[in-house]
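S.K.: Each chain, letter by letter, is given below.
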Amino acid sequence: MKDKHFWYWLVNIEGVGRGTILKLLKEFKTPKAIYEASENEVKPYLKPSQLTNFLLSKKDEQIMEGFRSMEEKGVNFLYPTQAEYPRKLKEIYDYPLGLYYTGKLPKNEGKSIAIVGSRNCSPYGREMAYYFGRELAKQGVEVISGFAAGVDSMAHKGALEASGSTIGVLGCGIDICYPIDNIHLYREMKEKAGLLSEYGLKVQPRRQLFPMRNRIISGLCDGVLVVEAKAKSGSLITADQGLEQGRDIFALPGRRGDVHSEGCNNLIKMGAKLVTEVEDILEEWGIFTENKEKICEKKQNLLDKKDKMVYSCLSLEPKYIDAIVKECKLSVQETISILFRLEMENKIKQIVKNYYMITV
Amino acid sequence: MFNKMISGTVRGIDGIEVQVEVDISSGLPTFEMVGYLSSEVKEAKERVRTALRNSGYVLPPKRITVNLSPADLKKEGSAFDLPIAIAILTSLGYIHKQKTSSYFAVGELSLDGKINPIQGVLPLVDFAKKRGLKSCIVPEQNQLEGCVVKGINVYGFSHLKEVVDFLNEVDKRNPVPFDEKSYFEQGGEEYDFKDVVGQESIKRAVEIAVAGRHNLLLEGPPGAGKSMIAKRIPSIMPDLTLEESLELTKIYSISGLLGKKDGLLTKRPFRAPHHTSSQFSIVGGGRIPKPGEISLAHHGVLFLDEMPEFSRSALEIMRQPLEDGKITLSRVNASCEFPANFMLVAAMNPCPCGYFPDYNRCSCSPNMIQKYQNKISQPLLDRIDINMFVEPVGIENLQKEKKGEGSKQMKARVEKAHEIQRKRYKNCSFSYNGQMTPKEIGRFVKIKPEHEPLLKTMLEKYKLSARAYHRILKVARTIADLEQSETIETQHLIEAVSYRRLSGERE
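Protein sequences, first through last, are from chains A and B.
The working numbering puts the first residue of the first sequence at 104, with every later residue one more than the last.
The working numbering puts the first residue of the second sequence at 16, with every later residue one more than the last.
These aren't lab readings, by the way, just hints derived from the structure by calculation.
Only true hints are included.
Result set (DMTMM-like, lysine to aspartate or glutamate): computed pairs, CA atoms no more than 20 Å apart in a straight line:
no., chain 1, residue 1, chain 2, residue 2
1, B, K386, A, D284
2, A, K429, B, E416
3, B, K423, B, E434
4, B, K176, B, E155
5, B, K275, B, E155
6, A, K132, A, E144
7, A, K411, A, E437
8, B, K426, B, D254
9, A, K456, B, E475
10, A, K456, B, E215
11, B, K476, A, E446
12, B, K176, B, E61
13, A, K214, A, E382
14, B, K471, A, E446
15, A, K450, B, E475
16, A, K456, B, D320
17, A, K429, B, D210
18, A, K452, B, E475
19, B, K478, A, D284
20, B, K415, A, E430
21, B, K476, A, E448
22, A, K432, B, E215
23, B, K390, A, D284
24, A, K432, B, E411
25, A, K409, A, E448
26, B, K418, A, E430
With the rest of the complex left out, here is chain A (with noise of 0.2 Å):
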């Protein structure tokens, strides 16, 4: 058994957690010394219940084959003393002592960014999530976020479409693709990107476990931009751990009133950058781009007159089809074919039936 088997023994004994395992780091020094070591010199440090756990699960072969199933399953794993272990990661307190992977790992040099925020989110919030994951993956920073609906799918598909460099990190076994709508988004971010979690295989989604992986989600980046995020909401949390971990924290603002952006004012009014556009953040990191481009802005000087009437009263809100009737002043037919045009050149969306908004 090599010190990964080791490790890996020690990260899965059930019953036996974090906490117990640095005490018998402590005294041990290493995984293999610990499963070296004599039930007596053990004893100490072990419930009786943990004590019958850690010593059942001392086998040989049995490790090595669950070891071996999983690294064919595309799994990897890797252990806080390996020169792979993610560096940022490792600069928190509380950083996990095993971690699984498959596709890249999170980057150690270069910027990255944790864009979080709610998972029933407004159509405004996951355009911005989109636009955001994927302006700032273009300017090389690397989009981390929770595999999770909503802001989340949305920040890690625009890092995708930048072909930009993008890490999920999973608050459930990396074998489980949770939400299961995820499934196209799983099978590309193993392919192109990558998904990183805490815990082992076939764990199951419990809500308890996704407060801790937020920790690692603030542990990986330099900065957390909250997208939206209602009064009490996980993605506070994660902006929360954050800042005890040293982490920029970037907000984009809501209108008053607006109860899915409440989380994200509160940020502001506490402190936290308010962002409007890719250069808050980049600035802020002494990055500078050249080819400012507006949202928007560029898109609308393709259009001819009453196309851009139509486009000029959509927004980023949803619009209902007689308010641009109405505000156009052109006949229902008029109406739906130019949307129908702006809607083929992709500038514009249907979010539901009649409902209509720009594209970012």
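Model the placement of chain B on the given structure of chain A, informed by the hints.
M.R.: Same frame as chain A, but now just chain B:
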């Protein structure tokens, strides 16, 4: 002494013959009824005997045998009381002339000899006419619906004595007159699209749906005006023809839903069953099948409010009638076919709380929304060509906004479109664009070569299935018909695409 009277009973929406035979002979005094009778027909014995006595006719102590033939047909209902009474009175010589054989009679008797109304008089009178009979005796309260049939004299009576007097030619009355015009000229529509403020795009979609008889799905939050719009749909449908009107009245007649003053139904029906309705109340059923809501909405609108709340079985069962325009119900005792050529208008909230996509009010998770929308099966959605989202008109706009077009103008355009379709499909089994099958679409909907690239990009962009593609072509044909355009233009295709249902998956 033997005597015979012709009567009938209803199967499906048609009448069939039942002969009432009476024989009075010497023997032990008894009143016997035979002929595969249900209990309400057996009870006729007591009603007839008492009614005869209370009307002043004496039943002699003789052996009376009543047979309803054909003997292998189960007889139901109370309509045989009157023909039995007439046949007995004829046998006893109270009715002198032996001319009852050219009369058709139906009616229920009260113990005092009064004649009570029955169900299904219209199909029965229609049958009598087809059988070649000259006159019909019906309860007075049913005379209006009976007289609708042309080519037969219908007489309405309220008491058994009147019938005897009439048959003895003491009472020389004229048949009930029928004035077709008065029915068709009866007042305008109760609901008018004039009352709908704003909602221009919905009105346009509704017009197209009616013009091509496409089924319609309206989504929107509570209070958006979905029901208000749906209720006004019959007002822009072309008037019923006499033939359609008769068919519809027959359905209502056998269901016992005709009011006292309704002879002929001339308004298109609007049926809105509650979402707790069972599948049998929707399609019809019973031991001897009776029409359900889909048949009662024949030639009109079946409005399903809160569609996802309907039971799955009640919705799925509509799939076949939606295709065929009729429903065949088979039971142990009978198999009946009812017409069910209706326009389906469904309304639903977009999510369980109803306020999606108002993100500040809607608290439903994407999962919940998906689950709610999935309550309606894809095959059923495939039969709905036009899907629109209705947004409530704000209070300030309700007062400010000017009134839009009324039903009259919309109806005029719809009528023209129907006319075009009638000509185009005169040799076909269907009469509207919405009823075309893919094969017929290939025959009647011609796409210009220059539109093919557009269609291709459309299919790719929206990931449309072949089914959705056909639906778009059908709707495009209707839009072209509304504009009285021979060919389908780009504009028509684009508008048709905008009425498709967005696939449930969001990004």
